[in-house]
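Colleague: Residues per chain are reported as follows:
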Amino acid sequence: MRVPLEWLHEFCAPDLPARELATRLAMTGTEVERLQRHGPDALDLFVVGRVLAAEQHPAADRLRVCRVALGEGDVAQIVCGAPNVAHDQTVAVAQPGAILPDGTKLGRATLRGVESAGMILAEDELGIGTDHSGILVLDDVGSGEESDELVPGTPLLDLLPGLATDVLELEITPNRPDCLGVYGVAREVHAATGAPLRVAPWEGALPSAWAGEVEGAHVEVRDPDLCPRFTATVYDDVRIGPSPPWLKARLMAAGQRPINNVVDITNYAMLLTGQPLHAFDLDRVAGGTLVVRRAREGEEVVTLDGQPRRLDGEMVLIADADGPTSIAGVMGGERSEVQDDTTTVLMEVATWDGPNIHRTSQLLGLRSEASARFEKGLAPEQTLEAQSVAHGLMVDLCGATPRPGLIDVGGAGPAPEPLLLRSATVTRLLGREIARERQAEILRALDFGVEETPGEAVGAVPFATAGEGLAVSVPPFRRLDVTREADLVEEIARIDGLDALPATLPARRGASGLLMRPQRLRRRAEDVLVGRGLHEVVGWSFTSRELLERLRLPADSPLRAVVELENPMSEGQAILRPTVLGSLLDAAGHNVAHGHRDLALFESGAVYRTGGGRLPHEHHALAILLHGGLQPATWGTPQPPRASFFAAKGVLAAVLDALRVEWTVTPAEEPFLHPGRSAAVVVAGERVGFLGEVHPLVVRTWELDDPVAAFAVDLGRVVAAAPEVERYVDLTTHPAVRQDLAVIVPAGVPAACVVEVATRAGGELLARIEIFDVYEGEQVGEGQRSLALHLEFRAEDRTLTDQDADAVRATIVRALGDELEAVPRGE
Amino acid sequence: MIERIEQLRAEGERDVAGAATTAALEEARVRHLGRRAELPNLLRGVADLPPDQRGQVGRAANQARQALEAQIAARAQELEGAELDARLAADRVDVTLPGDPPQPAGRLHLLTATRREIEDVFLGLGFTVLEGPEVELVHYNFDALNHAPNHPARDRTDTFYVGEDLVLRTHTSPMQIRAMESHPPPLYVVIPGRVYRRDSDATHTPQFHQVEGLAVDEDITLADLKGTLLAFARAIFGHEREVRLRPHFFPFTEPSVEVDVSCFNCTEGHLRDGSRCALCKGTSWLEILGAGEVDPNVYAYVDDERYDPERIAGFAFGLGIERIAMLRHAVPDLRLLYDNDLRFLEQFG
Ligand SMILES: [Zn+2]
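Residue numbers (this note's numbering), protein chains in the order written: chain E, 3 to 829; chain C, 80 to 428.
Just chain C, same shape as in the assembly (with noise of 0.2 Å):
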């Protein structure tokens, strides 16, 4: 009998082991465990022994049967495993196609982009950003920015004028008046913000886009208005960037100056073929913006005896966002930027 178990149970491995498929191995496991099967009657018929025999024949069909059923488990995962294997193979699309539905990546305009950086490279400086009226009032645009009255600024051939006391400002710097009047020192301010002159050609369009810098405390001197710029400049230009001030006149900082930052396209103003630098046109030096002292008498119109310039001192100055925008993604024209050709749009932001 015990002889017959191991029988059954030879037979029964030698079948599972050879199923190929899942099928075969169900018919494998119906030959063998199945209802009509000899092992599972025979362990049936257990009761039906001499006692002295049922303990150990029924042990070992027991043992025969759960040795079967665990092979048939293995190797039913083992079968199903390749199986899926199999299937998934089949099932392979090709991948290089594009993504579907398409997921269009949009675009900040360049000039967007642009002053968000600017913007947030004075952030980090500990700045905070404001923002004015486009048309301006004369007296923020000019008279309290210390511009004499028969400054050229201020001739309808340069300004566009909507009333009589009424200006579409002409430079950001309305503003150092406006925030000087609402906050007291210490005010360390930037403000982006379009602005308007009547020139159009190559280089001039009759609206471009600003960021005026105003710092106004104890003891602000030129030295930080340098450093601020230099730190400005690396930020946008690369890190090995150095600045240097020219004097200037504007009316409404003494001393003035005129930034310039080194040229990150050349060395000393050659390329490496030698060839002259078209960027900074030979010069190594890149003209970026107009700054200074804030002038005496820009506090003097702010008519707050905090902010009297013996005991306070500040610095101010303006950029082309154009400008900045051009010289680092060699735009060649500006009127490109007001264009808002597609073509143009998906290169930048």
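So that you can see chain E by itself, here it is in the shape it has in the complex (with noise of 0.2 Å):
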């Protein structure tokens, strides 16, 4: 919303520089985007001028050169290539040092050898409208302003003051359309600032012939629910003609171009009192009535901008005996605008529906001045408002005659129950008082009705008690807004609550302050990972379909059970991620594309599917990614270790462990995973992610060097199986004995398949056992291995003596060359 400062001052003028102003309204809830300069500056070189004489110029066809009167003696020589300029013409001067609205300042300049002082203006280079055809010829105008103001060398200023500006740009919050109008926003400086306020434009203004049916006019509303006030008036011997400079310059600085007098007058209506308004040529309305009702699926309409519209059952139209002429509320039709030879105006002042507009406008894709605001929802009693600003105008500025009469159809909304406002709710609410003479005398300056309470029932607040607070009435433009107590509260603290407030801390009754553990433990991970030089990226969400493809996931993968966005931003970002995977080998072609080939990063965060109840399946994923070598080359490790499978896993186990999870992997594939080196991870019986090196296909598409190695992971069921509270075991009053076993097994048997039977087999006292060591080779022959496991024997109530752990050991050796025809090495 652009407001124009000349024009707030007519109604409200604080003495305050307008970037104070500006600082108020911002500090009393309306927002300033900018505060911007319009029109010309360098304002005393614009004056008022009077053609003298106009001669051709000697050399060149197009050009006159003017002796211009510009007062008390002064002449100015100016050439002019205006094909209108000519003697005797009042007209719009630039003085050499002006500078114009596009920035452009006037120096001296020789045409053709004709010197010229100035320049003669067009309207479009005083920035007071759109015309370039021409110079502007003040005489033509017919303000109806005194001659006087004509005399050469009157500022132009004074003639037009809204020609140059400071112009607000606010942002108005969606629960204010009543300051989408210059009134609007008067009235909110007046309550910021104490400035005094001007009667509103319209008040009294109202004429007494506004009653009873007008002639040759009809208006029949189908759908009230969707409508509830029509108004319209009538005006004849309509001229249809450019408005004067003094509007077109107020529309100009509020942002709005200039059309026909008619059409400007709406627009200027509009944006004094925020209620948008329509005017028709009803010599072009068939049959001379209106009819207001829902579109019929698919019917179509041609708007203003020539455009045809399909409209649905929804949406709300405006039709003649011909069929629609325009789109209720958005945008009027092409067939019944007002034309250059309209003489019959009928001009429409509506109250629509606003979450019905907001829907016509979103599907149509069409917004407009006037959408803009019906859809924020206005009250009823504006159409009057904006009716008797524009019957001023229509008398005064097309010489039309108003037809007797109003059609009103629905009438007024609904008074408001007043409200109670009790002191100790303010005080309660914004831990501060404030004085019940000042919570009064905010909500008068708002326009809010104020007296003390009566001491019995207000409205349907029954316990009201005398001097308990006040009852307080509610304006019509404020009534979808202001429903509650609470709201009052807002508008008193707005005006008069913030800058006062102290700063408490509240009473934290049982609050507690610590994370719980699943996040606490989230934390340790993530930790870890740290520890170990790993980088965490943070990646998209969003992904694209084809992802899937480039995991190479078949068709019945339960990955491919994704949650699709009905409405991307792009195809790329169709779906959400089902695994973290995708994210980290994106974080990776990214670096490594950039010259960074060691990379070891991880990511914690959220992936979805679908399934489960009414929302999809989230869980949040630890999951890390390692390419290239895992340091960097150095003086004293020039060849450092590369990315593999068992350096994953090594940080898998550092993670696990860290968080004194019992895990285990088991050979499991996986269609992006290497099919001979991927696992699936489980923790506590479950499968709870997987660990392996990337499928070569895979990481091509990525462009990736082999190998990569990943392991990914359900954070939230690691954390779950975590122990809940550590307890104290004693391990030194009976110390551990230690011994090694190697064992030679056929190499197909898995190494966690040895550790099971030996563990089995080494029962209680069997505390630990590691494996050390792996050959194949010469010494254990083809298609054998030897695995070297570290051994820990441990009693609770006595220390084991080196028989004992023989004894274990020796079932522990049975045991595997039963089940796995292990034979002990040298042995």
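Derived by calculation from the structure, the hints in this document are not laboratory data. Just so it is clear, CB atoms sit at the ideal spot from N, CA and C, and this is done for glycine as well. It cannot be assumed that every hint is accurate.
[Said to hold, decoys possible] Listed next, with one range per pair, are the computed distances between beta-carbon atoms:
(1) E:A414 <-> C:P231: 27 to 33 Å
(2) E:R36 <-> C:T346: 21 to 27 Å
(3) E:R800 <-> C:Q156: 45 to 51 Å
(4) E:E705 <-> C:H408: 27 to 33 Å
(5) E:G535 <-> C:A169: 34 to 40 Å
(6) E:E568 <-> C:E389: 16 to 22 Å
(7) E:D659 <-> C:V174: 30 to 36 Å
(8) E:A323 <-> C:D278: 43 to 49 Å
(9) C:D179 <-> E:G779: 26 to 32 Å
(10) E:A749 <-> C:D278: 56 to 62 Å
[Claimed, not checked] According to the in silico footprint, chain E covers these stretches of chain C (three or more CB under 8 Å from chain E):
(11) 166-176
(12) 181-191
(13) 195-207
(14) 346-354
(15) 414-424
[To be verified] From the derived model, a few chain E residues whose C-beta atoms are all more than 12 Å from chain C:
(16) P310
(17) R440
(18) L517
(19) P725
Could you fit the two chains together into a complex? Lean on the hints.
Modeller: The structure is reproduced here in structure tokens:
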């Protein structure tokens, strides 16, 4: 909303510099996007001039050399190229040094050998219109201004106050459509600054003749649920023409292009009152009757911009005997719009259902100044305010004759119930007392009605007692926004509550201020990775469907149960990621493309799949990716180890062991992993993720180097398996006995199998078992390998002897021999 | 005889003192105390002496031997120390070479580091941390947060839909309702999380992160909101910060405010050299979040008589983690946070 200060000051003119006014507005709830200067600068150099002579330029057919009187005997020679310049015209002159609205600074010029001291201005050069066909001739304008203002030398600003002004560009919150009009903003300025507010321009201006039917015009509202009020007035003898410069100047300053006097009046009245209007050429309304109704499915309207629009059955249109003429509240129709030959105007000012207008505007992709206001919900009372403003201007500027009567279908809105505002509530919500007199003053300034509570039921609030607070009636234009006591507290707070608010801390009864265990363990898991030199990345939740192909997922893969967006911003962001692996591969691809080949990355974030209840399934995943060298080559380690299955498994172990989770991996294939180097991560008997080297074909599509190692686990389930509270175990009273054991087993037997059999055979006395060496080669023979194990034996109730340990060890050797054909090595 | 002993001792002492290496010392020891040396032999021959001389000579020889042994031990320690010093002095490395093998430092992402820091501030203020679903019911994301049916945030141009009544949450605020539904008052929680809006340019990415705050108790006031956010602003941006509340509009708070923190980059909008501060654009205030007192209608959606707006009150706020991180670390473009470029990642966390 652009508010020219010159216009605002007509109703409320606080004695504040524009910048301070902007700050005050911002601090009372009206956000100021920017403060702009509109129009020309060096204003004293813009004056009224009289053309004393206009003679042909000696060297240029199209130029005239003019002698222009500028008052007090000054006469300037100005070369002018406009076709309409003529002797005896009163014109607008910019003298050397003047700065035009586009920033051009005028100097003295010599045009084809003739000196020119200034410029006779066209409307667009002044920024008060769009006409560039000729110079602005001030005696044509019929502004009705006193003629002595047209004396040469008169500052142009006296004639056209809207010529140059500061403009507040306001961002009006959606609850305040009343501030989408200059007068509404003036009311806010009044409340915010205390500067007096002039009476509203429509107040007392409603013609008494506005009653009864209007001859020759009829309105039928068939869907009153979507059109709470429809008013119309009719004007005869309308002369279409340009608007006077003062009006054009205001429209331009407010960001609206002048069109013709009738259209300009509708825009002007809208900008002033916040209520949109629409002018029909009544002669072009077939049958003289307007019908307001829901459209039929697929019905078409050609709007003002010449575009055909297809409507659906929930959109509202205005039709005449020949069919639809406009889309209600959004845009008028081409067929009945005001044209140059229009002489009879029907001025429609109506109230529409906000959500319905919003929907129509959204579905048609059609937003207008009108729809932007209607969709926020206007008060039916505002219709007559706009009618009243338009009425005066139609008579003054178009020479129109109002036809007696007023069409008014629906009438004013319901009188609001008074609200109770208890002083105790103000203090309770704000934490600061505000005197009741001040509360009343603020509310009155905002046009609320205020009385002391009378000691009886107030509206719907039954328990008011005398002197408890204020009984407040809400003005119609705030009816939708202010409906409760808390809304009144906000009105008071924003005008006089926030600056002086103390800063206190709440009592925080029963608040503990601790991270919950899963949150603490999640941090721990991340910290382990950071401590191991991995960098965290944050990927996109969105991804492309193509990811599913790049990961080689078969049709029945559970990862294909993706959550799809109905309105993605692009195909690349059409689904939610079912795995973090894609994000990590993307991050790796980005860094490799920028020359970083040694990567150790992790991500900790949500993944999404369909299924479950009303919401899709989401879990928090922790995943890593290793690529290239695990550390940089250095003077001491010129050939550092590279990413591999076991490097990733080592990192996985670091995380899971840090969380004290019991875990194993079992061979398991994933379509995106190397089939010989992939495993399922099992925690508490459940598969919680995968571990492996990424399939070479997958690696290739991200343009990475083989091998890429990764794991991903459902961190929520991992954390759930961690012990609640660690309990002390006595490991010192009865120390352990340590022995090593090497066995030769067939190469196909997994190490985990050896550990499992040994653990079972070792029973309670085997406290720990660990593989520390693997050997394949000549010494053990083809198809065999040797595994070396650390064994640790311990009893809780006694210190074991070597003989005790030997006995358990022998049992383990026997079991390994029986079950796995294992032979002890070197025994 | 006694004189001879004195002489042997003096010779021995001279040689021991003169030994310059452990090898020379060993030589001296063999010469004076070895199997074939005179002093020990003399001691062994004491038994052959006349009885009246045995005591005197034996004592003198023994003393001489002990003295020599002690001197040798002392000298040995001296020489070994000197020799170790010499060996260590020769065994020198270039201490300025890098450690090896290297132990690279990993980093948390700036967003995680910032989120944790914000969480920690509120944990210290007695809040607990909750989390919630990112794909959310329209009911929780809009309806229960008092958004009018035509509120523009519901538009498909603004919000991602995954179903008729399912959206990617556009803020962390739906967790306000979920938190109140599952916990009676008093309630002090912050809810960090990822949120989504259909926006993409230098200052908007379609996904970003927020921290929601909610405090509901018997006597929560707007002044408590101000105090809490002042504590937060000082913890994050420095102890001399101030906050100010500016009235605003949000559907689910009443009164609603936007909260500014005084700029930490300048004095009254100007830098030392007098130029205008680019961070706050010369206003000396930085907008950091939206907040307000919980709207009575929101309690109505919770449907729990313990959340009766006549008996309890609360405040809520929502801040953007990206904004805090960018302000604090002078990150110029939001998109840098999602490029995952190592050259960026290495700088934070
Ligand atoms: Zn600053």
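Colleague: Give a verdict on every hint.
Modeller: Consistency of the hints with the structure:
1. E:A414 <-> C:P231: 27 to 33 Å: The hinted range 27 to 33 Å holds for E:A414 and C:P231, with Cβ atoms some 28 Å apart.
2. E:R36 <-> C:T346: 21 to 27 Å: holds, 24 Å
3. E:R800 <-> C:Q156: 45 to 51 Å: holds, 47 Å
4. E:E705 <-> C:H408: 27 to 33 Å: 31 Å Cβ-Cβ, so the 27 to 33 Å window holds.
5. E:G535 <-> C:A169: 34 to 40 Å: Given about 36 Å between the Cβ atoms, the range holds.
6. E:E568 <-> C:E389: 16 to 22 Å: violated, 41 Å
7. E:D659 <-> C:V174: 30 to 36 Å: The hint (30 to 36 Å, Cβ to Cβ) holds, given that E:D659 and C:V174 are roughly 34 Å apart.
8. E:A323 <-> C:D278: 43 to 49 Å: holds, 46 Å
9. C:D179 <-> E:G779: 26 to 32 Å: holds, 30 Å
10. E:A749 <-> C:D278: 56 to 62 Å: holds, 58 Å
11. 166-176: Answer violated; 1 residues pass the 8 Å Cβ test.
12. 181-191: Holds: 10 residues of the segment 181-191 of chain C have a Cβ under 8 Å from chain E.
13. 195-207: n = 9 at 8 Å, threshold three: holds.
14. 346-354: Since 0 is below three, the answer is violated.
15. 414-424: Per the Cβ count (8), the hint holds.
16. P310: holds, 23 Å
17. R440: The assertion about E:R440 holds, with a minimum of 16 Å to chain C.
18. L517: violated, 6 Å
19. P725: Given that every Cβ of chain C is farther than 12 Å from that of E:P725, nearest at about 22 Å, it holds.
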